[in-house]
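**Student:** Spelled out from the first residue to the last, the chains are:
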Amino acid sequence: MSTVLHSRGSILGAFDHFRDELDDFHDRRERLIKSSRDVTNLSKKVIFLIHRSLTESNNQSDDGETSLRAVSRAKHKLKEIQDLFAAMREEVAGDRFWRYQRNVSPGLQEYIEALSFAHYLECQTLISYAEVQRSLSDAGGVPYFPLPLDDYLLGLSDLTGELMRYAISSISRRGGRSKANEVCRFVRGCKADFEGLTPYVRELRKKQQVTTQSLEKIEDVAYAIAVRSSEYDLPAELLDDIVERTVSGAGFRTGEDERDRGRRGGRRSGEDEDGDYD
Amino acid sequence: MDPQNLDYINQLLDKDVELREKIKDQVTDFDKKTRTLTGLLNRIHSTPPNQVPELIATVTPVLDSCKETTAALAELIPPNQFWRWKDMWSVSLRNAVFAAVLVEYLRSGGLLPLPQAAEALGIKDEWQDRLTLSAEDYLHALISMVNELSRLAVNSVTMGDYEQPLKISTFVKDLFAGFALLNLKNDTLRRRYDSLKYDIKKIEEVVYDVSLRKLAPAQSEQALA
Chain A
1 MSTVLHSRGS ILGAFDHFRD ELDDFHDRRE RLIKSSRDVT NLSKKVIFLI HRSLTESNNQ
61 SDDGETSLRA VSRAKHKLKE IQDLFAAMRE EVAGDRFWRY QRNVSPGLQE YIEALSFAHY
121 LECQTLISYA EVQRSLSDAG GVPYFPLPLD DYLLGLSDLT GELMRYAISS ISRRGGRSKA
181 NEVCRFVRGC KADFEGLTPY VRELRKKQQV TTQSLEKIED VAYAIAVRSS EYDLPAELLD
241 DIVERTVSGA GFRTGEDERD RGRRGGRRSG EDEDGDYD
Chain B
1 MDPQNLDYIN QLLDKDVELR EKIKDQVTDF DKKTRTLTGL LNRIHSTPPN QVPELIATVT
61 PVLDSCKETT AALAELIPPN QFWRWKDMWS VSLRNAVFAA VLVEYLRSGG LLPLPQAAEA
121 LGIKDEWQDR LTLSAEDYLH ALISMVNELS RLAVNSVTMG DYEQPLKIST FVKDLFAGFA
181 LLNLKNDTLR RRYDSLKYDI KKIEEVVYDV SLRKLAPAQS EQALA
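In order, the protein sequence lines correspond to chains A and B.
Just so we're aligned: 173 in our numbering is position 173 of the first sequence, and the numbers increase by one with no gaps anywhere.
Just so we're aligned: 55 in our numbering is position 55 of the second sequence, and the numbers increase by one with no gaps anywhere.
Only chain A is shown next, with the shape it has when bound in the complex (with noise of 0.2 Å):
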């Protein structure tokens, strides 16, 4: 047969084009592994900016004023990470999605937390697989990739972490402690429904326990407060000035007396990136 290669030049063509090949699958991992970093990178700040906007010290605006005003400022700044994504659209387009799906997952993850935590802040519910889809698509709709179901669940299971942290540090705030319960209502939903999903998702295991780890926290926090409220027969109103004179007139500043709350309740055990929260 003519095409069986029998000299060394032939055989040494064809590793020729394999180098090519494996070289431009390389080369394109690598780009594709960066893009996803710096997705990481600014769904990171996207969380922050959003905790840091719930926290800020302004005692007189209503409390879903403010958390529009942080869906607001996350909203502009989720806008960079999805033309991250939409530069991407390129190296990952037809078969090529699923060779690199594994390296763009990480980013993918972190993104559907950060756009996830901004949704449950304007609309209160967990945001759809299809409004992912859409907020990863182009002005016609069109997808730049399909959305794993693996990466989509996963990523909304990190939510709960940072739900857990503002619940937390909202709970010396005037309406804190039903903010706090209605997210304890909200996280244990999300326990409930994601346990039927776990036997078919791998990693969702591992994060079920953070989750339950972070649901427990926001629930003694609940306790302590309805144990020691119980001391005072006030209604809630009252219970909040008092608290609020007692914050302000101890000289701390409020925001950095509530991050540091936040993080001495906040950490969770082998989550060092997370830790960091300046």
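Treat the hints with caution; some may be incorrect.
As the list claims (entries may be wrong) - Which chain B residues stay away from chain A? Per the calculated CB distances, all over 10 Å, these:
#1 GLU21
#2 ASN42
#3 SER65
#4 ASN147
#5 ARG213
Said to hold, decoys possible - Covered by chain A, according to a simulated footprint, are these stretches of chain B (three or more residues, beta-carbon under 8 Å):
#6 11-20
#7 82-94
#8 101-112
#9 180-187
Calculated from the structure, these hints are not laboratory results.
Virtual Cβ for every residue (Gly too), placed ideally from N, Cα, C.
Fit chain B to the given chain A structure using the hints.
**Tutor:** Same frame as chain A, now just chain B:
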């Protein structure tokens, strides 16, 4: 989570689970075939050169039967999802390619190139995004062949075939020179490539033993033959 979204997710999951099961069935089948292939090809170590064509004749039908499996897999895989599922069958596929390239070496002493290896397993160009023979899988198969040939060099001497080691030596060195052209990263391919030198050393030793005792025809004679 709102029920509609949860429903949708469950639908997606069910679809994936179903697909995975179907692929798994095909892979089990594929695996059986490739095990038969390696079993048959193991006989090269005890088959005298004049009976090798008969041995190849028993291998060919099994190799051809792999075409059904690749066709069934290509049918199952959704467009653009080749890389999502390929890990499920890559071991079997590499073994099948190993059989194909080894058979070609035994038949003609040459290297079966990638496109022809894919063709031998019935993999069609138009399946590109669903089922294809990747360079990585093909290269893994070549390394398996070299591993096998180093054994063959030893065993053919035992069977009294003193020419085979010399042919193997030339062929394997050509392949090794080819692998040296690649910029391999620190992955399994790299590790297996690193192991090639032991195969080469083994083959060299056989060649040395054979030529030292003047058992093989002189190099110049062989070149003429």
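**Student:** Against this structure, judge whether each hint is valid.
**Tutor:** Hints, verified against the model:
Its beta-carbon lying about 13 Å from the closest one in chain A, B/GLU21 satisfies the requirement of being farther than 10 Å from that chain. Remark: the non-interface label on B/ASN42 is consistent with the geometry, its nearest Cβ contact in chain A lying 23 Å away (cut-off 10 Å). For B/SER65, the condition that its CB be more than 10 Å from all CB atoms of chain A holds, with the nearest at approximately 21 Å. Distance check for B/ASN147 against chain A: the nearest CB is about 18 Å away, which clears 10 Å, and the non-interface claim stands.
The Cβ of B/ARG213 lies farther than 10 Å from every Cβ of chain A, with a closest approach of about 28 Å, so its non-interface assignment holds. Judged by the Cβ-Cβ criterion of 8 Å, the stretch 11-20 of chain B is covered by chain A as claimed, because 4 of its residues qualify and three suffice. With 3 residues having a beta carbon nearer than 8 Å to a beta carbon of chain A, the stretch 82-94 of chain B meets the requirement of three or more and the stated coverage holds. Counting residues of the stretch 101-112 of chain B whose C-beta lies closer than 8 Å to any C-beta of chain A gives 6; at least three are required, and the coverage claim holds.
Given as covered by chain A, the stretch 180-187 of chain B passes the check, having 5 residues with a CB less than 8 Å from a CB of that chain where 3 are the minimum.
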